[in-house]
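A.B. asks: The residues making up each chain are set out below.
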Amino acid sequence: MGRDKTSKSTRNRILFFAFAFLFFIIIICARIFYIQIVKGSEYKSMALDQQTREKEITPKRGTIYDRNGKELAVSATVDTVVADPKIIKNSKNADEIVATLAPILEMDEADIKEIITRNSSFEWVAKKIDSEKSKQIRKYISGKDENGKKLSKEELKGHNLGGISLVEDSKRFYPGGSLASHVIGFTGTDNQGLEGIEAVYDKFLKGNSGKIVTSSKSNGTLPSDYEKYFNAQDGNDVILTIDSNIQYFVEKALDEAYVKYKALGGACVLVTNPNTGEVLAMATRPTFDLNSPRQFATGSDKPATLEQLQERWRNKVVVDTYEPGSVFKLITCSIALEEKVTNLTDPYFCPGYLIVGGQKISCFHTSGHGASNLLKGTVDSCNPVYMQVAAKIGKDRMFKYFKTFGFRETTDFDLPGEAIGSFWGYNDYNETELATSSFGQGFTVTPLQMATAIGALVNGGYLYKPHVVKEIVDSNGNVIKSTTPTRIRQVISKETSDTMRYIMQTTLVQSGSLAKVDGYDIGGKSGTSEKLPRGSNQYIGSYCSVAPINDPQVLCLVIIDDPRGASYYGGQTAAPVASSIMQQILQYYNVQPNNGDSVSTADDTVIPDVVGKTTEDAKKIAESFNLKYSFRGKGDTVVSQEPAAGTHVRNNSYITMNLGSPAEISQETTVPDVTGKSAEEVNALLADAGLKLNAKGKASGGNVISLSQDPTPGTTVKRDTQVTVNFGEQ
Amino acid sequence: MAKKGHIKIKKLSAADAELLSIIVIMVLFGLVMVGSASSVNALYRYDDSLYFLRKQLIVAAVGFAFMYIISRIDYHIIASPVIIFLGYGAVWFLMLLAAFIGDNRNGANRWIDIGGISVQPSEPAKIVLIVLTAYICSKQSKAALNRFGSGVGLYLGIIGVSVFPLLLERHKSATIVFAILVIAISFIGGANIKYYLMMAPFGIGGALAWALHDEYSRQRVLMAFDPFKDPKGSGYQAVQSLYAIGSGGIFGLGLGRSQQKITYIPEPQNDFIFSIICEELGLIGALSVVVLFTFFMFRGIKVASEAPDKLGKLIAMGLTTLIMAQFVINIFVVTAMGPVTGMPLPFFSAGGTNLLFTLMGMGLLLNISRQSVKKRPLI
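First to last, the protein sequences are chains A and B.
For the first sequence, our numbering begins at 1 and goes up steadily by one.
For the second sequence, our numbering begins at 731 and goes up steadily by one.
Honestly, I wouldn't trust all of these hints.
To be verified - Negatives, chain B to chain A, calculated, CB over 10 Å:
id, residue
1, Leu-742
2, Glu-748
3, Ser-810
4, Val-812
5, Arg-900
6, Ile-906
7, Phe-955
8, Gly-1012
9, Thr-1051
As the list claims (entries may be wrong) - So, partial list: chain B residues that the calculated Cβ filter (under 8 Å) puts toward chain A:
id, residue
10, Ile-913
11, Ala-914
12, Phe-917
13, Leu-972
14, Ser-977
15, Cys-1008
16, Leu-1013
17, Ser-1035
18, Met-1047
19, Met-1054
20, Val-1058
21, Thr-1065
Said to hold, decoys possible - With a straight-line Cα cutoff of 35 Å, these simulated DSBU-like cross-link-like pairs (lysine-lysine) come out:
id, chain 1, residue 1, chain 2, residue 2
22, A, Lys-144, A, Lys-171
23, A, Lys-39, B, Lys-924
24, B, Lys-869, A, Lys-89
25, A, Lys-127, A, Lys-211
26, B, Lys-785, A, Lys-153
27, B, Lys-959, A, Lys-139
Hints were generated in silico from the structure; no laboratory data involved.
By construction, the Cβ of each residue, glycine as well, lies at the ideal position given by its N, Cα and C atoms.
Produce the entire structure from the sequences given, and follow the hints as far as they go.
C.D. replies: Below, the structure is given as structure tokens:
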């Protein structure tokens, strides 16, 4: 009985234990359920977060091509050394890493040690190492040599690179070196575009990086199933309008000129297609090698300062402004012709100077050119003729055209830092300023603006937006963006443009310019301007030429800044450079040479203005315009012509010239009614009638109109008579 | 004398087949999980992903051999005073030795080197302590057990003497197991529960004071309640374990696919093997483990209740308690319900001594089962 009781008590106590354990087992089950099911996804994502590491896959940066598909900037794959200091700390191999990497990377041991012992799990050790170095490092990381043969324990001893890895990176190479360096630009160490096209089109070129998500501790040697791959999207290719052949001609010619003329201020050349605004070549001196943009001779042992670098990287064509000098006479000339304030043969006189606004402004030919006209004045580059022409154009029209030719705005070009240049405000633009501006002094423009405007003179009158990017193509070859030639506006009529080509050709030929290319029809104009401050004896010589003149395909603007050679004149410095470039381009374009002084075989020509010419001159002009001619009447001067100047006709059409004495050319005109009109309208009406405006009263403002005039409408007066017009509020 | 002789010559019946099956299943399951959990660690450290599995296989083979041999030796022979007291003296001395000359690992000296093999003397000590306590308890009269001095006082004394070297070793988990074993056996054996309840406040107070006596221990205890307060420091292991268990979900990531074993959980084949089981085999795998231990508990209790005498009952309950206490504490630790102590999961964790002596203890349990006296079912 007692034994049974003991046994029963023991049994109860055993049962108590069973229930105690069951109690704990139930708690355990509940707890596991809570962790795995209730909190499962939360813990899982936290676990994934620490278990995985994202490794960025650098996309391949797009290639920059020239218009012919020649590579100007390409990316190649290189390795970058990175460290995981956490792993290194755990495996205590920092000293082995330092001892192994320092000689290979040619880095200071202390520097490496500092990097790999930082308190982080990712550090760059060395970026973009060359393939020889990366081969040596890869050997120790993989434990295998290049042929896949395992290295022995002895060979690996002391070279435990655990925590060090190689990451694929890309490096930019510029096969052309300094070719078009100021256009292409270059990238920084992180492959970000820093200058030029590389900077402006960075978002197209760089692409989108991808990533590999891997187990963060897999360390390359440990097994891991988890690896997700998100493809990188390679950058787009940029195709430039640059023709690297032409660019090469330009670079070579400019190299020689830069040395020969000792251009202290540098030099630049811009070659465009005036019919599209495409930039075919663009170069600046001094230049630099895109593969090492920070290394060039600075005259001292020290590395170039930031200012020196920025100076060297300046694209003068786009960023710098200059006084265009006499090249601008072409613009003034076109305005005069477009506005018909004068014609090519209206007589002018150059006494060697002109007093404007009480100031004596000299012609460079101080003894004077004597009797002249617009054409001769252009050939001679005679300032007094142009000052008189500008006076006829008048302040308002000059001001207006300065805008319409695009000098008051950027061209919205593809490259950064584009300048606008400076011009007078309307109220500061008076008689003297009007006079000097006619020959390109007193204001500034960029070479790009100048070339764009001259393009309009020869292409039929259209201002084309200049551009250097032709197309953007993605890595599969699909065109993403394509630049079509953009006409900004028509600035002058086709007739004026045709005449301008004739003038440019005549100027180049008759001035005996060094810009000529034997066997080709070229037009051009030189310019020389004194840099500010006046009297510094620093000049800018420039030349702008266009060829073939009957069907312009190429426009070339050469600027030599502060030449210190034998001459500083544009005609002596820039012109030969333009000639050399043009000759190579025309041969490269396979343009057939001809005898060199007749205008074209194109079907169309234009009737020149021959009124006032001597019969001999008129014959020459008519021939040069591919016209047949007949004379009517007697005398040695053309008094009138049929058809009128500017008319478009077929080649070999007839121009009929009525002869008489110079006195018979009409010197009289009828005063038009100019009351109740705006200042601009008055100006235009009077100019059409060959009269000059003498504005009185308040001539500017919103509601200003002309109130009265003197002489009265209908009065017959001599040409160039001043008509006094009173302006006031309506 | 006659009774003793009768038992000695009694032909042993077959061992409890279900108990044996559960033991074998758990050891094999454990081997698979050790192989999986340790592979990365082994590859990383020894360039041989099977390093730990191979060691564990050897231990399991030796352990099964010992289990078989012991299961064929009558437990009354093993539980003879000479063997018990000599054995107890020996393991006590070895534990003391470990405290002074043992290998220091993770701030505790619990290993000693015997013939090139690292052994934790506290592991055989657990078995010896069970047999010792059961023997003493089975020899005491009901009256003696009822008194404080010869009952609870005596057993508290045994606990004190036994854990003294462990305190020097700073071996908290074994200390707790020792205390649980002596209390459990003496309680089932008939010690007056009143005195235990009276001593409980002192015990709990002492345990708390001990658990919180230094900053290291304090942090571990505090982190047991919110390991995310310091996930990179003292809460690290608990947090990593929760990540592993949580990642498993219902079906797990699949055998061998644990990510947390890749250097996040240190020594994943040892104390935290249950976390890897949860991660790789999910809730299904985790509950399988719990079910196996629950079955084991019932079979152990069955063996105890059918044991032919009090000594057998107490040894069987001691061994069952040993396995279950370690199981519960281990799971509490890895599920962040208790401070991290070095508590292995019996049958599963790698670490040779624990499995070897666990299997030797199971030999003893099987031997008791072979002497079962069929009774009406306990439950």
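A.B. asks: Now look at each hint and say whether the structure bears it out.
C.D. replies: Verification of the supplied hints:
| no. | hint | in the structure |
| --- | --- | --- |
| 1 | Leu-742 | holds (23 Å) |
| 2 | Glu-748 | holds (16 Å) |
| 3 | Ser-810 | holds (23 Å) |
| 4 | Val-812 | holds (27 Å) |
| 5 | Arg-900 | holds (25 Å) |
| 6 | Ile-906 | holds (14 Å) |
| 7 | Phe-955 | holds (13 Å) |
| 8 | Gly-1012 | violated (7 Å) |
| 9 | Thr-1051 | violated (7 Å) |
| 10 | Ile-913 | violated (11 Å) |
| 11 | Ala-914 | holds (7 Å) |
| 12 | Phe-917 | holds (6 Å) |
| 13 | Leu-972 | holds (5 Å) |
| 14 | Ser-977 | holds (5 Å) |
| 15 | Cys-1008 | holds (6 Å) |
| 16 | Leu-1013 | holds (5 Å) |
| 17 | Ser-1035 | holds (6 Å) |
| 18 | Met-1047 | holds (6 Å) |
| 19 | Met-1054 | holds (5 Å) |
| 20 | Val-1058 | holds (4 Å) |
| 21 | Thr-1065 | holds (5 Å) |
| 22 | A/Lys-144 x A/Lys-171 | holds (26 Å) |
| 23 | A/Lys-39 x B/Lys-924 | violated (42 Å) |
| 24 | B/Lys-869 x A/Lys-89 | violated (59 Å) |
| 25 | A/Lys-127 x A/Lys-211 | holds (19 Å) |
| 26 | B/Lys-785 x A/Lys-153 | holds (25 Å) |
| 27 | B/Lys-959 x A/Lys-139 | violated (43 Å) |
When held up to the earlier numbered hints, the structure conflicts with 8, 9, 10, 23, 24, 27 and fits the remainder.
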